[in-house]
Amino acid sequence: MTTASTNTQPAERGWYKRNEIAITPWLFLLPAILFFAVYVIMPIAQSFWISFHAWDGLGEKTWVGTANYERLFGIGDQNMDRKFQISFWNNIKWLFLYLLAIPMGLFIALFLNQTVRGIRLYKSLFFFPFVISQVVVGLVFSWFYLPNDGAFDQIVGLFGIDISGGVLGNPNTATYGIIAAGLWPQTAYCMILYLTGLNAVDPEQVEAARLDGAKGWKMLWYVIVPQLKPATFIAFVVTIVGALRSFDFIAVMTNGGPFGSTRVLSFYMFEESLSEFGFRMGYGAAIAVVLFFIMLGFIVYFLWSMYQDEKGAH
Amino acid sequence: MRSIMKTSFAALAAASIAATAAIADGHQLSGDLKITSDMSNPAPRAVMEGLVADFGALHPDLNIELTIVDREAWKTQIRNALSANPPDVVNWYAANRMKPYVDAGLFADISDLWAEEEFAALASTKGAMTLNDAQWGVPYTYYQWGVYYRKDIFEELGLEEPTTWDEEKANCQAILDSGRKCYTIGSKFLWTAGGWFDYINSRTNGYDFHIALASGEIEWTDDRVRQTFANWRELIDMGAFIDDHQTYSWQEALPFMVNGEAASYLMGNFSVAAFREGGLTDDQLDFYQFPVINPDVDFAEDAPTDTFHLTSGAANPEAGKEFLRFVTSADVQTKINSGDALGQLPVNANSSIDDDKFLAEGFEMLSTNAGGGIMQFFDRDFSAEMASVGMEGLQEFMVFPDNLDDILARLEDTRQRIYQ
Numbered sequence: 005m006t007t008a009s010t011n012t013q014p015a016e017r018g019w020y021k022r023n024e025i026a027i028t029p030w031l032f033l034l035p036a037i038l039f040f041a042v043y044v045i046m047p048i049a050q051s052f053w054i055s056f057h058a059w060d061g062l063g064e065k066t067w068v069g070t071a072n073y074e075r076l077f078g079i080g081d082q083n084m085d086r087k088f089q090i091s092f093w094n095n096i097k098w099l100f101l102y103l104l105a106i107p108m109g110l111f112i113a114l115f116l117n118q119t120v121r122g123i124r125l126y127k128s129l130f131f132f133p134f135v136i137s138q139v140v141v142g143l144v145f146s147w148f149y150l151p152n153d154g155a156f157d158q159i160v161g162l163f164g165i166d167i168s169g170g171v172l173g174n175p176n177t178a179t180y181g182i183i184a185a186g187l188w189p190q191t192a193y194c195m196i197l198y199l200t201g202l203n204a205v206d207p208e209q210v211e212a213a214r215l216d217g218a219k220g221w222k223m224l225w226y227v228i229v230p231q232l233k234p235a236t237f238i239a240f241v242v243t244i245v246g247a248l249r250s251f252d253f254i255a256v257m258t259n260g261g262p263f264g265s266t267r268v269l270s271f272y273m274f275e276e277s278l279s280e281f282g283f284r285m286g287y288g289a290a291i292a293v294v295l296f297f298i299m300l301g302f303i304v305y306f307l308w309s310m311y312q313d314e315k316g317a318h
Numbered sequence: 058m059r060s061i062m063k064t065s066f067a068a069l070a071a072a073s074i075a076a077t078a079a080i081a082d083g084h085q086l087s088g089d090l091k092i093t094s095d096m097s098n099p100a101p102r103a104v105m106e107g108l109v110a111d112f113g114a115l116h117p118d119l120n121i122e123l124t125i126v127d128r129e130a131w132k133t134q135i136r137n138a139l140s141a142n143p144p145d146v147v148n149w150y151a152a153n154r155m156k157p158y159v160d161a162g163l164f165a166d167i168s169d170l171w172a173e174e175e176f177a178a179l180a181s182t183k184g185a186m187t188l189n190d191a192q193w194g195v196p197y198t199y200y201q202w203g204v205y206y207r208k209d210i211f212e213e214l215g216l217e218e219p220t221t222w223d224e225e226k227a228n229c230q231a232i233l234d235s236g237r238k239c240y241t242i243g244s245k246f247l248w249t250a251g252g253w254f255d256y257i258n259s260r261t262n263g264y265d266f267h268i269a270l271a272s273g274e275i276e277w278t279d280d281r282v283r284q285t286f287a288n289w290r291e292l293i294d295m296g297a298f299i300d301d302h303q304t305y306s307w308q309e310a311l312p313f314m315v316n317g318e319a320a321s322y323l324m325g326n327f328s329v330a331a332f333r334e335g336g337l338t339d340d341q342l343d344f345y346q347f348p349v350i351n352p353d354v355d356f357a358e359d360a361p362t363d364t365f366h367l368t369s370g371a372a373n374p375e376a377g378k379e380f381l382r383f384v385t386s387a388d389v390q391t392k393i394n395s396g397d398a399l400g401q402l403p404v405n406a407n408s409s410i411d412d413d414k415f416l417a418e419g420f421e422m423l424s425t426n427a428g429g430g431i432m433q434f435f436d437r438d439f440s441a442e443m444a445s446v447g448m449e450g451l452q453e454f455m456v457f458p459d460n461l462d463d464i465l466a467r468l469e470d471t472r473q474r475i476y477q
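Chains as they are written, first to last, in our numbering: chain A, 5 to 318; chain B, 58 to 477.
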């Protein structure tokens, strides 16, 4: 240090000065990398590690190799874990049906994208379900769905439909009931994304299209929607992530029941490892790893398409 | 009852003398005592705070730090609380529910306390506190289970408290004919179905069989287990239970009984407070012991015990043990279980029972008419994983009794994996 500070010849600059351009970005990235490594990468690695053990979360871990995965997938002379199967298919249902929030959000946004007296109030009312806690939304819907007394049951009762056990008490309808509850705030979220997107739509292009005689659906599909592509992409990402994270609604509305028919992978993982009766950290970790790979598929796709966009922009 | 009162007054006097004597003995405790409690509901919370204040008054040099955690949250938080920098004393439950913490060495072995003379008065729960031939905690309260029923409805229909299964079914038929349901139940959180299984199974096959099943020694597909479900099914096929019970919590199922749409509820004594709050008077509400199904087996009763434990990482085990002695003493148990405190039963045989008809009847039942044994409840007698899979199966059975074969096969699968 002392030599470096006393030697002030212009030709021989300090080591940092010489490598400034290469190093500075890393210095700025360092805090983020550090936190990302400690709070994201390490836990993922630990989950993988735990998934190869039998562990009650308290005592010593015992190495069991791939036994947890064999039990999940039913490799060998055992049946595939039925709870896992149900959870997996429920996850798929969530993924597809949750995407309905995107077109629904788009149409509400188009509807609200006009200058009427008090439009701000209407917008904020539509946005309201996204602001209130998911737990509250879940509770409200579970009262709405109550058998006999609930509003839903009385409305469908007018058409002579009677769902035995109520929407949430019937294993065939419970998952759909929860997804419908989840769609309410998710639609509001997509709506707000599209509302901001619509502000960026180029009025000149709309004008030009109008001169060319485009209107109605054609205008929407060929002129507006392509310009909303960035908003659609974000709406798609948050909806997929939201569907895979669907935990609070299930915990509040059915607690995984009736008879485990509304579990999804994240809820099953929680139940196995962290809930009141869950002392199977290894098995829970194995479920988490499977969920991780499902998510990884989407994440890779998102990253790839963002990368493509960046490349196109250059 | 009266004799219990008398002895307990004597015990109270003796204990207060003993307490002053203890201080005089130079039994002085100092330092910190950290207690984490799950008694978070208003009445239990006041009890816990009172306990700490009284104990602190006895040991003025001791600095007691009390943390009260939400009762439901504690069921999952206890793991973290015990593994790093644990408090000295914690609340938990008896029987198999303490096994994970005993196996992991997180609860301290307090067999030496149990060897003391005063602990003879707690002998009735010693079994429930014993694992691996040692004792791991002390009981502070318990409560009976049984059938709480609408006395006015029974009188209106001219029904008597049933003592046999045939009478139970005949009563139920009469109630159904009057346009009501026999039993209310809310099985959304599963455990209420566990109560029904405990009773029907122990009445059908006896206490020993029930406990053997709980410890994984008997197959779920055994014919005797099937007999239990066949008995249960008789009620289900009659339409005895309220509809859509899988969507209700136990509290949400209360209005059916309060409004007179259902006549009875198989529940723990803690429900009495809720019934009274709902507006039922003691003239409308009464209690009977679950009737005999198989006359060859003795009565076994669900009476879950709540407990205190010394942790193995306790910084001040001396003070912790003294606190355990304190909460198990006869006068303290009398005080904390009285009607204006917990409103439950004291475990100490020298304590007195509060003058409440349900407590008196429950105590009478447990002390004279539970010769088969005391069960801790489905989710405490069965191991954690078996309990959660089991209760889910029981709920499914109550809604779709035709799925029984599939349910039993699933439970058997689980049993073989857990107890292999």
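Careful: at least some of the hints might be erroneous.
[What the hints assert, rightly or not] DSBU-like mimics (lysine-lysine), calculated; alpha carbons at most 30 Å apart, straight line:
| # | chain 1 | residue 1 | chain 2 | residue 2 |
| --- | --- | --- | --- | --- |
| 1 | A | K127 | A | K65 |
| 2 | B | K414 | A | K87 |
| 3 | B | K132 | B | K156 |
| 4 | B | K156 | A | K65 |
| 5 | A | K65 | B | K414 |
| 6 | A | K222 | A | K233 |
| 7 | A | K233 | A | K219 |
| 8 | A | K87 | B | K226 |
| 9 | B | K414 | B | K183 |
| 10 | A | K222 | A | K127 |
In short, the hints are calculated from the structure, not lab data.
Each hint tested on the structure:
no.: 1; hint: K127(A) <-> K65(A); verdict: violated, 53 Å
no.: 2; hint: K414(B) <-> K87(A); verdict: violated, 45 Å
no.: 3; hint: K132(B) <-> K156(B); verdict: holds, 14 Å
no.: 4; hint: K156(B) <-> K65(A); verdict: holds, 17 Å
no.: 5; hint: K65(A) <-> K414(B); verdict: violated, 51 Å
no.: 6; hint: K222(A) <-> K233(A); verdict: holds, 16 Å
no.: 7; hint: K233(A) <-> K219(A); verdict: holds, 19 Å
no.: 8; hint: K87(A) <-> K226(B); verdict: violated, 36 Å
no.: 9; hint: K414(B) <-> K183(B); verdict: holds, 27 Å
no.: 10; hint: K222(A) <-> K127(A); verdict: holds, 26 Å
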